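K.L.:
Take a look at the letters that make up each chain.
Protein chains: 4
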Amino acid sequence: MQRVCLVIGAGAGIGNHVGRRFARAGYHAVLCRRTDEEGLNRAVARIAEDGGAASGFLLNAVAAGAIEERIAAVEADIGPIEVAVYNLGAQIGDRALADTGHKVFELGWRLATFGLFRMAASVCPPMEERGRGTILVTSATAAVRGNRGQHSHAAAMAGRRMLCQTLNAEFGPKGVHVAHVIVDGMVDAPDTLGRMLGEDAFRRLREERGLEHDGLLLPAEIAETYFHLSQQHRSAWTFELDLRPFSDTPWWNR
Amino acid sequence: MQRVCLVIGAGAGIGNHVGRRFARAGYHAVLCRRTDEEGLNRAVARIAEDGGAASGFLLNAVAAGAIEERIAAVEADIGPIEVAVYNLGAQIGDRALADTGHKVFELGWRLATFGLFRMAASVCPPMEERGRGTILVTSATAAVRGNRGQHSHAAAMAGRRMLCQTLNAEFGPKGVHVAHVIVDGMVDAPDTLGRMLGEDAFRRLREERGLEHDGLLLPAEIAETYFHLSQQHRSAWTFELDLRPFSDTPWWNR
Amino acid sequence: MQRVCLVIGAGAGIGNHVGRRFARAGYHAVLCRRTDEEGLNRAVARIAEDGGAASGFLLNAVAAGAIEERIAAVEADIGPIEVAVYNLGAQIGDRALADTGHKVFELGWRLATFGLFRMAASVCPPMEERGRGTILVTSATAAVRGNRGQHSHAAAMAGRRMLCQTLNAEFGPKGVHVAHVIVDGMVDAPDTLGRMLGEDAFRRLREERGLEHDGLLLPAEIAETYFHLSQQHRSAWTFELDLRPFSDTPWWNR
Amino acid sequence: MQRVCLVIGAGAGIGNHVGRRFARAGYHAVLCRRTDEEGLNRAVARIAEDGGAASGFLLNAVAAGAIEERIAAVEADIGPIEVAVYNLGAQIGDRALADTGHKVFELGWRLATFGLFRMAASVCPPMEERGRGTILVTSATAAVRGNRGQHSHAAAMAGRRMLCQTLNAEFGPKGVHVAHVIVDGMVDAPDTLGRMLGEDAFRRLREERGLEHDGLLLPAEIAETYFHLSQQHRSAWTFELDLRPFSDTPWWNR
Chain A
56 MQRVCLVIGA GAGIGNHVGR RFARAGYHAV LCRRTDEEGL NRAVARIAED
106 GGAASGFLLN AVAAGAIEER IAAVEADIGP IEVAVYNLGA QIGDRALADT
156 GHKVFELGWR LATFGLFRMA ASVCPPMEER GRGTILVTSA TAAVRGNRGQ
206 HSHAAAMAGR RMLCQTLNAE FGPKGVHVAH VIVDGMVDAP DTLGRMLGED
256 AFRRLREERG LEHDGLLLPA EIAETYFHLS QQHRSAWTFE LDLRPFSDTP
306 WWNR
Chain B
56 MQRVCLVIGA GAGIGNHVGR RFARAGYHAV LCRRTDEEGL NRAVARIAED
106 GGAASGFLLN AVAAGAIEER IAAVEADIGP IEVAVYNLGA QIGDRALADT
156 GHKVFELGWR LATFGLFRMA ASVCPPMEER GRGTILVTSA TAAVRGNRGQ
206 HSHAAAMAGR RMLCQTLNAE FGPKGVHVAH VIVDGMVDAP DTLGRMLGED
256 AFRRLREERG LEHDGLLLPA EIAETYFHLS QQHRSAWTFE LDLRPFSDTP
306 WWNR
Chain C
56 MQRVCLVIGA GAGIGNHVGR RFARAGYHAV LCRRTDEEGL NRAVARIAED
106 GGAASGFLLN AVAAGAIEER IAAVEADIGP IEVAVYNLGA QIGDRALADT
156 GHKVFELGWR LATFGLFRMA ASVCPPMEER GRGTILVTSA TAAVRGNRGQ
206 HSHAAAMAGR RMLCQTLNAE FGPKGVHVAH VIVDGMVDAP DTLGRMLGED
256 AFRRLREERG LEHDGLLLPA EIAETYFHLS QQHRSAWTFE LDLRPFSDTP
306 WWNR
Chain D
56 MQRVCLVIGA GAGIGNHVGR RFARAGYHAV LCRRTDEEGL NRAVARIAED
106 GGAASGFLLN AVAAGAIEER IAAVEADIGP IEVAVYNLGA QIGDRALADT
156 GHKVFELGWR LATFGLFRMA ASVCPPMEER GRGTILVTSA TAAVRGNRGQ
206 HSHAAAMAGR RMLCQTLNAE FGPKGVHVAH VIVDGMVDAP DTLGRMLGED
256 AFRRLREERG LEHDGLLLPA EIAETYFHLS QQHRSAWTFE LDLRPFSDTP
306 WWNR
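In order, the protein sequence lines correspond to chains A, B, C and D.
Add 55 to a position in the first sequence, counting from 1, and you land on the number used in my numbering.
Add 55 to a position in the second sequence, counting from 1, and you land on the number used in my numbering.
Add 55 to a position in the third sequence, counting from 1, and you land on the number used in my numbering.
Add 55 to a position in the fourth sequence, counting from 1, and you land on the number used in my numbering.
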């Protein structure tokens, strides 16, 4: 049985790179994403080529029981989940209140808040029993301020952040390290930013701002900080940190 | 047609007193609560005895269409909603993660976050058309920090707070004043605190801490600040403020 | 002996209007400012014309003993200071680190942080003895976020804010109400904004943004909220609130 | 010329261990502290025994010119300061306002805020010229909330935090990484906590809470996170994080 790093939301950006980083350190990376089986297989194969261990599963996080069953199966079949990464986004772009339907508002909550609640309800008991474990939660600027048009996203991400605080309050003293990572900038990720902007705009953005200029968050670099968090000694744990490119303006500045 | 102050969540504490305060200033107070028709009628009668105008409705805020229909009917039958007060709580006491079921977690969100979203979706369009209006949202310490056992409440209230920020960002410049009130202490309210503690413990708490000692938040006094917020000139609006008894410890202190 | 509202920093903006508001309610307004004796006399005369009581004093708040002596004299000669308003600004415009000298950085602290500390050290003992009193502190966005070029102002205002928290922690339970007011926008005040921008630019700004458009904070309206804070019942005190024009963007938004 | 990690405030706790950690990674550690030449020499010798490079200097950070001259000398004689760690504390224990003198309040500011301003004014120009550099600032809970009795400490640390934000706003885009580390708990450090508590109480605290229980922050573990911050790729920098023992209560919780 190998120690496992489970990634819920393992698209081609942060999730994928976090999986690779932990695999490189000897964890079995369990990658879960909703669609794109081909991309999932490629990610798993890539880790194997690097000499690491990985498994991939399609997972619809809003389906009843899906998260719970996957976690039970991983614990039973692959190994103890030492690190659980919740990396599902819920950004839908800016929408006026009149254009934010009940369904989309509720889906935002199911993805951003309720899904984390369900993951925690499944991984915390075994982690508590083992007296150790790490829950790393990708979050967004919207968790700490609500911009125009972000009704769904901000409400959902703020719920996520506060849930991380209550999880930490209950499980920290039991040895479970909960960390809330505020990704305060655009990530160089084709599956999320790329899809939202469209191929051409994404390519131009990368040329102008990313690449040599390091003006987009590189997911492989984000993964280094996720890994560091998981390795912090329990006498000096971080609950919250922010991440942004050096050239970007922090959310609190103008 | 009278200008209306609508209160969703008009139990015997803040909601009731806010209704009375606005009625005293000439608003028609529309009181809505889920249960206790007798209490509702008493509250309406009390305002009438004081020479004010009031109506009362039983309203199950989580029922589909209920908020929307009530608002439409009030606008059609009573008058323009100048002030909408969202005062539904979602406190369920401290519960370990293992004791926080899916249903209760979702209900918290429906009461604390989604209900406000639905109220805003209904009152903002007419307010925007009139170029004026006020949305006053009662909130709790759990909106800004997640204590142990508050998984459901904190996630839901944080969503409420951030939704207030996005509503303010969209509707502030259109003349709609959104204010988020952090009630950081125990309110001297039989319908909420009283019910949670039980009759005896509530009576003892009032004797020891409240009454002459002003150690519980008096809802009639809270209502004064709600009223002040609604009267602020649009050149100097408050988005957020906190309220607590002088003798209490603010949430950020020990 | 009349109850007194003392204003330290009584220029032609917030300070002056706060003094007038409290005088209208029967307080003796004691206006203190560093320069412009003529303006000071006009402000005092204006209150008298309105039927109120006022006194004016030139006061250099950074001079050793000046605040302390003025407070002692007011308590001895005019009446008990029920409300003390600390309204000294320390904005010097945006300056690169290389252009922010030691003197200006220290002066910012003396005006924004140390002066409040000294005022509190003088007014808290008599307020504590009387079991009541209010300290209203004008603050700025820089107290909660540090923008580019604001090295001196932000460090000084953040110190002011945190000092308000420690004062509240010690003196709140003794009946002294401390409130920290975040003025998050430009105030329609000739003595501060007007001087910083120059006469022409200030006139244009008022025409474009202020006046009919209510896009500048009107000091007379700010004064209404200061007055409300001072009248809050001790069972429901506000420690912190923000103020901005309806059409302005809150500091946390873009 | 070796790349340098400068530590201002290199007592036997965080400062010392940060120096050792960077020395282990090939930096020349320049340790500065106000007193205890013997302890300083021991720290330098210890690094040398481990095969690292280090120098030690007595430095009175509040003396005019002392920080500036030391930095100039290090840049001239030892090598480019790639990492500058500001680790001076300003905790004086809890003191009522009446017991907080002008001198101690001012000294808090000189140590916590003004000293950092002076260090930044000296190291930012060469860092900007080189297009790279890291400024790591040790901070405390008092930077984000003001507890009873913390008048001096909280005002000073809040100034420190906000100054970090303005430094980051100006120098981040120029390649200088500023990070503000909130140490939210008691550090297992004889020179600070040990001295404040006294030898016996400190020994008992270590036995009960620290050692096997990891209930005190271990400075060697804190140093790992400082080192990680300095190695973050500029596409994914952290400005702020918190650190506390797993078993401790975060500042925002009760």
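Rather than coming from a laboratory, the hints here were simulated on the basis of the structure.
Keep in mind that a hint or two might mislead.
Just so you have them, the derived chain A footprint on chain B, three or more residues with Cβ under 8 Å [to be verified]:
1. 139-153
2. 157-169
3. 176-182
4. 198-206
5. 216-224
Every value quoted in this text rests on a predicted model; they were computed, and no experiment measured them.
Ideal Cβ positions, reconstructed from N, Cα and C, are used throughout, including at glycine.
K.L.:
In terms of beta carbon proximity below 8 Å, does the region 216-224 of chain B have 3 or more residues touching chain A?
P.N.:
holds (count 9)
K.L.:
Counting residues of the region 139-153 of chain B that have a beta-carbon nearer than 8 Å to any beta-carbon of chain A, does the count reach 3?
P.N.:
Coverage by chain A holds here, the residue count being 3 at a Cβ distance below 8 Å.
K.L.:
Within the assertion that chain A covers the region 176-182 of chain B, do at least three residues meet a Cβ-to-Cβ distance smaller than 8 Å?
P.N.:
Our answer is that it holds, as 3 residues pass the Cβ test (under 8 Å) against chain A, meeting three.
K.L.:
When I compare C-beta atoms, does the region 157-169 of chain B have three or more residues closer than 8 Å to chain A?
P.N.:
n = 6 at 8 Å, threshold three: holds.
K.L.:
Using C-beta distances, would you say chain A covers the region 198-206 of chain B, given that this needs three or more residues below 8 Å?
P.N.:
Satisfied; 8 residues make the cut.
Hint compliance for this structure: every hint is met.
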